[in-house]
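Asks: Taken in order, these protein sequences are the chains called A and B.
To convert, note that position 36 of the first sequence is 36 in full-length UniProt numbering; the numbers rise steadily by one, no gaps.
To convert, note that position 95 of the second sequence is 95 in full-length UniProt numbering; the numbers rise steadily by one, no gaps.
Keep in mind the hints are simulated off the structure, nothing from the lab.
None of the hints are false.
Each computed EDC-like pair below joins lysine to aspartate or glutamate, with the alpha-carbon atoms no more than 20 Å apart: (1) B:Lys150 - B:Glu224; (2) A:Lys24 - A:Glu139; (3) A:Lys173 - A:Asp93; (4) A:Lys60 - B:Asp123; (5) B:Lys234 - A:Asp61; (6) B:Lys234 - A:Glu54; (7) A:Lys60 - B:Glu230; (8) B:Lys215 - B:Glu153; (9) B:Lys234 - A:Glu53; (10) A:Lys60 - B:Asp191; (11) A:Lys24 - A:Asp131; (12) B:Lys39 - A:Glu142; (13) A:Lys174 - A:Asp19; (14) A:Lys38 - A:Asp93; (15) B:Lys151 - B:Asp198; (16) B:Lys171 - B:Glu207; (17) A:Lys174 - B:Asp43; (18) B:Lys39 - A:Glu139; (19) A:Lys60 - B:Glu231.
Label pairs and their computed distance ranges (CB to CB): (20) B:Ser174 - A:Phe152: 32 to 40 Å; (21) A:Gly29 - B:Pro35: 25 to 33 Å; (22) B:Thr68 - A:Gln135: 44 to 52 Å; (23) B:Phe166 - A:Asn156: 33 to 41 Å; (24) B:Ala72 - A:Val30: 52 to 60 Å.
Rough simulated footprint, nothing fancy, chain B against chain A, three-plus residues with beta-carbon under 8 Å: (25) 55-62; (26) 75-83; (27) 129-142; (28) 146-160; (29) 163-169.
By construction, the Cβ of each residue, glycine as well, lies at the ideal position given by its N, Cα and C atoms.
So the chains spell out like this:
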Amino acid sequence: MSYYFTIIGTRDNPLFEIDFGTHKLGGDGVARFRDEAKHMNQFIVHAALDMVEEAQWMGKDLYLRRVDTFQNNHVHCFLTGGNVKFMLLMNPDPTASSYASYRSPPPSRPSTARQSASMLAANPSSQATEDAVRQFMLEVYEAWLKCIMNPFYQVNNVVTSPIFRGRVATAAKKYL
Amino acid sequence: MPDLNPAQEPPLPSKDTTSIPLPPPKQFVPSLRYPSNRKSIYDRNLNRTKTSDISLASFAYLFNALITYHHAQSGSVSEIENRLNRAGYPIGIKLLDLLLYRQVAAQSSSSRNTAARPTRMIDLLQFIQGTLWRALFNRPADALEQSTTKKNEYMIIDNEPVVNTFISIPKEMSQLNCAAFVAGIIEGVCDAAGFSTDGVSAHWAGEGDEMWPGKTIYLLRFRESVIEREEALKAGG
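Sequences and hints are given; from them, build the entire structure.
Replies: Printed below as a string of C-alpha cells:
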C-alpha cells in the first residue's frame, strides 16, 4: 500500500511532493512504487486536476472526496479556500500495476487480495477510507496554513521547509 | 615584496597573483534557523485568543509608516492607492484560508467539518461583509449593495473605516482614500476564492453626510467570466 501526496498551486504548478507507505498492518512506511510510477503518479494526479475543477463548484466542502480513479490508483482531493489542491494518490499494490497495458482491465490477483482486503485503498469509497483521508488532509491543512502565514511566503512558492515535510509525514503515519 | 599574510596556510603553490586560489568548500550548514526557544512557525497556534488583538495605536503607527513610504515612492494619488492595494492583496489571499480554518476549528466540536468554501457570489460577499470584517474590525460592514446599473458591480459600505481613523488627507489630494489597503485585502480574498475581479477600489461617500463624514464605499467589479459561471451554476441548480 503506497501513497503519493502532492500540493498543487493555483496555476496547476506543483509546490510540494512526498511519497510514503502505510504504517498500518505492520507496514514500514516506505512507498513501494516502481520506477516508472515515479512519473506516472505525477501524470495521473495531473489528469485528476480536471476532475477537481468540475467538482469544486458543486459543493462547499473543502474535502472533495475521491475525485478520480485510474486502474488501481485512487486520487482524493482536498481544496483549500485559496484554490490550492492537496492531492493524495493511493495504490494498494503498486508492484502489480502495469501502466503499459492500460487498455485491458487490471488482472485480478488472488494472492494479494487476501492481504489487502483490510487496507484503506481496497475499498476507496468506503466511509473508513474517506474519514482517514479527511483527517489526514485536515492535519496537513493546519500545517499548510502555518506555512502560508509566514509573511515571506508568497502564493505559489514552492514549500521547502523540512518541518512542513515532517508534519505531513507525521499525519500520514497517524491516519494512513 | 614581503608576505602580507605570513600566517596563511597552506602556502600558495605559486606567487602568481593573477591566479586566485579557489576558496575551500564551505561546510554544509542547514539554512533553516531556529529561534532561541526552538519553536518554529509550525508550533504556533492558529486560533485567535483574546490577547492577540493588536492595539489601535500600534496599528495606526505601522499604517502611517506604510503610507508615508508609498507616498514618498509615488507621484500621483492613483499610484499611492495602487501601491496600498498591492500591500493588502497578499493579506487577503492568506486571510481567506485562515478564516476558513477557524470556522472548522470553532465548529468541529459540535458537527463534523462544516467550513464552507464560498462558491457562489452571494456567499462570498456575505463572507467578506460578515466573517472578514469581524475578523479585521470586530464588527460586520455596514451595508452590502448591488449596483443598480451594472450586474457585475457590488458595493460594500463602511460608515467609519478604522484604517482612516487617524488619517487626515491634504487638500490637494482629496481623492486619496487610504482604505485602498482594505480594498486590496478584499481583492485578495475574491481572487483566492476564484472570483477574479477587475479591481476593488475604495471611494469617499461621506461628503455632505453629517452623521458619517468618513463613509467609504468599496466597489467590487467582478469579471464577466465570473458572472457567466454564476449564471451557469444557478441554471444547473
